[in-house]
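Working from the sequences, and respecting the hints, build out all of it.
Chain by chain, the residues:
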Amino acid sequence: MKYLRKIQSNFGIGILLFITVATLAGCVTIKLAGDYDEQIDKGITALQRDTEAFLVRLESVPGTKLDEYEKTKAFYGEAKVAISSLRIRADATERNSLTVRMLDSLQKNLNRFESDHASKEGISKRELHLYRGGFNSQFTAILTYELAKKRGEKPDEAKASAVATPFPHSTGDGK
Amino acid sequence: MSIDVTDVAAKMLAAAKSVVGTNWPATQQYFESETKIFAERFASIAKLRAEGAISEERAKSHIEFQKEAWETVLLAVVGLNQIMVERALNAALDAVKDIVNKAVGFVLL
Numbered sequence: 001m002k003y004l005r006k007i008q009s010n011f012g013i014g015i016l017l018f019i020t021v022a023t024l025a026g027c028v029t030i031k032l033a034g035d036y037d038e039q040i041d042k043g044i045t046a047l048q049r050d051t052e053a054f055l056v057r058l059e060s061v062p063g064t065k066l067d068e069y070e071k072t073k074a075f076y077g078e079a080k081v082a083i084s085s086l087r088i089r090a091d092a093t094e095r096n097s098l099t100v101r102m103l104d105s106l107q108k109n110l111n112r113f114e115s116d117h118a119s120k121e122g123i124s125k126r127e128l129h130l131y132r133g134g135f136n137s138q139f140t141a142i143l144t145y146e147l148a149k150k151r152g153e154k155p156d157e158a159k160a161s162a163v164a165t166p167f168p169h170s171t172g173d174g175k
Numbered sequence: 001m002s003i004d005v006t007d008v009a010a011k012m013l014a015a016a017k018s019v020v021g022t023n024w025p026a027t028q029q030y031f032e033s034e035t036k037i038f039a040e041r042f043a044s045i046a047k048l049r050a051e052g053a054i055s056e057e058r059a060k061s062h063i064e065f066q067k068e069a070w071e072t073v074l075l076a077v078v079g080l081n082q083i084m085v086e087r088a089l090n091a092a093l094d095a096v097k098d099i100v101n102k103a104v105g106f107v108l109l
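Line order of the protein sequences matches chains A and B. Heads up, the first sequence stops at 175 in our numbering, and the numbers go up one at a time, no gaps. Heads up, the second sequence stops at 109 in our numbering, and the numbers go up one at a time, no gaps.
Bear in mind the hints are in silico, worked out from the structure with no lab data behind them. Incorrect hints may have been included.
[What the hints assert, rightly or not] Chain B side only, calculated, beta carbon under 10 Å to chain A, not exhaustive:
hint, residue
1, D7
2, S18
3, I45
4, S61
5, V73
Note that this is a predicted model, so its numbers are computed, not measured. For every residue, glycine included, the Cβ atom is placed at its ideal position computed from N, Cα and C.
Okay, structure coming up:
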């Protein structure tokens, strides 16, 4: 009886170890998220810069409204192509569904911004900080996650987990 | 050679805790900082509408825009946590691999 209990106990531990090892599928390193992609990093950084340059240009005209949609609509086409290219690239990487969803959200907001800009109401300069802040939150989120995928590279680990520096236009009502 | 399950579990837990303790505060800070910024933006939308500076339709559009941006931030937080869990699991395995490998007599982990 005593030996039977010992065998059962050892068998239980063995099963536990077996399940653990089987779950790990023989892999020493577990990977839950996709690999860092330099092209996503550079692409989002470039898109952030272009978007900011576009917003600055929109608000540089005299008056209370942004520059007219018709004069500036070329930007939207270029930005949509840029996001679409990054999405295709992200979608081709394993375990990368979060990045794909983040890019989809960015695309939706670009479409919304364009729609608001093209509307009869237009966009007033007082509203611009809301769009700028939202876009910057999205760019920061995508970059923060992408940089965190740089596993084992110490300098960027710190950068990836650091709190984003607030953008000067991200709060207040722009008065 | 048998494995001391209690000892192995304690080592795995300590290694995993260390990773979580290092990574979670930064993610939490990022999340809290962004939450505050979004709250300020919602207040700003309400103010613009109250002053008649934007239409009701535009106010709704702004809310949808911010909700979408907020979702992106939350997805990043999920991703950062996912990577933290990944690191914790790997640290836990790394902490006990010598014990396990020695016990089984070959390189298992």
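Verification of the hints:
1. Residue-level restraint check for D7 of chain B is violated (minimum Cβ-Cβ distance to chain A is 13 Å; threshold 10 Å).
2. Nearest Cβ of chain A to the Cβ of S18 of chain B: about 14 Å, over the 10 Å cut. The hint is violated.
3. Annotation: interface hint on I45 of chain B holds; nearest CB of chain A at approximately 7 Å, less than 10 Å.
4. Given hint, S61 of chain B at the interface with chain A, holds; its Cβ is 6 Å from that chain's nearest Cβ, closer than 10 Å.
5. At a threshold of 10 Å, the smallest CB-CB gap from V73 of chain B to chain A is about 5 Å, leaving the interface hint in force.
Hint check: violations occur at hints 1 and 2; the rest are consistent with the structure.
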